[in-house]
Amino acid sequence: MSATHGACARAHDAANVPVLTLIALACVAGIAGALDPLVVTKGFLAYIVLDGLWIALWPRCVPSAAAVVVAHHVVTAALLAYPLRHPERAIETCRNGLVEANTLFLILRRRVRRGSAMHAVWNGLYVATLAPVRFAWQPYLLWHFYANVTKDDVWWEKVQVCGAQMFLIGFNVFLVARRRVAPAKKEA
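With the first letter of the sequence shown counted as 1, position 69 gets the number 69 in full-length UniProt numbering; the numbers rise by one all the way through.
Possibly wrong hints are sitting among the right ones.
[Unchecked claim] No farther apart than 25 Å at their CA atoms in a straight line, the calculated lysine to any residue pairs in the SDA-like style are these:
| id | residue 1 | residue 2 |
| --- | --- | --- |
| 1 | 42 | 12 |
| 2 | 158 | 69 |
| 3 | 42 | 116 |
[Unchecked claim] Computed beta-carbon distance windows for the label pairs:
| id | residue 1 | residue 2 | range |
| --- | --- | --- | --- |
| 4 | 158 | 114 | 39 to 47 Å |
| 5 | 78 | 7 | 42 to 50 Å |
| 6 | 5 | 86 | 36 to 44 Å |
| 7 | 144 | 22 | 20 to 28 Å |
| 8 | 4 | 34 | 40 to 48 Å |
| 9 | 114 | 7 | 13 to 21 Å |
| 10 | 136 | 179 | 29 to 37 Å |
| 11 | 157 | 132 | 26 to 34 Å |
Hints listed in this document are in silico derivations from the structure and should not be mistaken for laboratory results.
Everything numeric in this text was worked out from a predicted model, so none of it was measured.
Just so it is clear, CB atoms sit at the ideal spot from N, CA and C, and this is done for glycine as well.
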């Protein structure tokens with residue numbers, strides 16, 4: 001990794017840590033009824049659009065697969081557009097947005113020295129939340145979106161919501177699979 005590449009990635013991670021912390025906490029607050037889920041949706045959408053533009057313009061700000069990450073952001077934006085048309089369903093943003101806590105732990109793990117106590121903490125939180133959030137909760141939400149949320153919607157909204165959720169589940173599989181196949185890289 002070049003010095004410029006490293007600086008870009010560090011800046012991106014430094015910007016994402018507080019934003020993802022706020023998004024994850026906002027999602028919890030939305031679920032708890034302490035924050036309007038539509039406000040969470042609008043904030044989340046603003047972040048996704050801006051972060052997607054950042055990655056599209058400076059692909060080296062992410063460790064790898066920038067095009068896939070940009071596609072993920074586009075699909076997420078399409079999914080977040082749904083509650084803008086159906087504000088009464090904005091709680092689904094909060095339910096689905098819980099995954100951002102896992103993303104936050106991944107970034108925090110990447111930003112500390114491997115072998116340090118903090119690396120062990122962030123790695124433990126990342127690993128402890130990976131399967132429950134990405135491989136149990138998000139697939140459950142696909143069923144929930146199909147059977148409950150979009151059951152009375154027009155076909156294209158059902159395709160939009162369920163198709164986007166299927167893509168996000170596939171993205172999770174892609175990320176984990178490529179980490180399993182790729183040779184171990186030295187983290188910061």
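To see whether the hints hold, each was checked on the structure:
no.	hint	in the structure
1	42 with 12	21 Å, holds
2	158 with 69	23 Å, holds
3	42 with 116	37 Å, violated
4	158 with 114: 39 to 47 Å	44 Å, holds
5	78 with 7: 42 to 50 Å	32 Å, violated
6	5 with 86: 36 to 44 Å	41 Å, holds
7	144 with 22: 20 to 28 Å	25 Å, holds
8	4 with 34: 40 to 48 Å	42 Å, holds
9	114 with 7: 13 to 21 Å	20 Å, holds
10	136 with 179: 29 to 37 Å	19 Å, violated
11	157 with 132: 26 to 34 Å	28 Å, holds
Of the numbered hints stated above, those contradicted by the structure are hints 3, 5 and 10, listed in ascending order.
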